[in-house]
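2 protein chains.
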Amino acid sequence: MQISIIGTGNMGTAIAKNFKAAGNEVTTIGHDQVVKEFGELVVFAVPFEAEAGLADQYKHLLAGKIVVDISNPLNFTTWDELEVPSNSSAAALLQKELPAAKVLKAFNTTFAGTLTAGKVGATPTTVLVAGDDEEAKQTFMKALDGSPLRVKDAGLLKRARELEAMGFLQITLANRKQITWMGGFGVNA
Amino acid sequence: MQISIIGTGNMGTAIAKNFKAAGNEVTTIGHDQVVKEFGELVVFAVPFEAEAGLADQYKHLLAGKIVVDISNPLNFTTWDELEVPSNSSAAALLQKELPAAKVLKAFNTTFAGTLTAGKVGATPTTVLVAGDDEEAKQTFMKALDGSPLRVKDAGLLKRARELEAMGFLQITLANRKQITWMGGFGVNA
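Residue numbers (the numbering used here), protein chains in the order written: chain A, 1 to 189; chain B, 1 to 189.
In isolation and in its complexed conformation, chain A is listed as follows:
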């Protein structure tokens, strides 16, 4: 599958590695690079603040595509709240900005280190994915099949609120040195 990853930071690099390991053709796109065409699946591996601008810039090119939001919309001044309404999520906001795209929430509950290692503690790193389009979710899972990652279906895009709460909690645990950035939440069957 042709996969486009916007963002060349730790997260974009770690995500690209896994999609490549599963046999996909992955293009990573720098923040200020102008794109003429995207793959079937597009990962926004950028900070929450950059998403609305990207959505606006590429609205037409992203119509019909699977768009993966990985953001944790923390207020990094206070480290005490999210910058989205408490009954919504960054993913839900992005879906509103891109009504013709199939938005998924994924990768926000896994640190870059554990995506790269493929393990968190003794547990295989597990990606939780939420979204309203079942076919898009199946395509996402298939695209990671063959990587070291496991994927679990977290339900409809509405669950992005809970995924973002969990990502927020995990980041504050690391920031407060209760866990390391190589640790965090494992998902056990």
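Hints are not guaranteed to be accurate.
Copies of the same chain are indistinguishable here, so a pair counts whether it falls within one copy or spans any two.
[Said to hold, decoys possible] Capping the alpha-carbon separation at 30 Å, the derived lysine-lysine pairs in DSBU-like fashion look like this: (1) 152 <-> 36; (2) 119 <-> 36; (3) 65 <-> 96; (4) 65 <-> 177; (5) 119 <-> 59; (6) 142 <-> 177.
Quick caveat, the hints were computed from the structure, so don't treat them as lab data.
With the hints as your guide, set chain B onto chain A.
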């Protein structure tokens, strides 16, 4: 330490086992039993719906006590939302109902099965605890020291919102058979 656990269900039983294993004197209290005196630490191992009534009934006896809220306030009809305001939590509501008690949120991100087993997958079962009273949190941690459980400090009681989102997500994952009731979220350092 003298510990009172209100509720004799799966969760109350599993929590009692761990406090006993750590050498505390644990009293378990049935739902319809009338109590004259509580220990220093009181666990509300009852459904969310029962908490307000207990708080009202025992407001005076619970003044100065550490009260542990373990609830996951799901709407079990829809399995799709929490029954608390999206910017608050069951624990925050309980603290309002018991202003003279020191409310902690704990045990809501660990299923009864993994509290009993002491492991989730290959990871020691880890309790996340949030609360505004630092001394109460330290006392809680000390009371579990010697049990098979690990405890991590999740921050102020405000973080109960995220803990309840995580508990909600975990329950829906099990209900949708993505994980079992013996599995769930591990916490890796």
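Hints versus structure:
1. 152 <-> 36: neither (32 Å within a copy, 47 Å between copies)
2. 119 <-> 36: neither (36 Å within a copy, 50 Å between copies)
3. 65 <-> 96: within (14 Å within a copy, 47 Å between copies)
4. 65 <-> 177: Intra 38 Å, inter 28 Å, cutoff 30 Å: inter-copy only.
5. 119 <-> 59: neither (35 Å within a copy, 46 Å between copies)
6. 142 <-> 177: For residue 142 and residue 177, only the inter-copy Cα distance (19 Å) is at most 30 Å; the intra-copy one is 35 Å.
In summary, the numbered hints that this structure violates are 1, 2 and 5.
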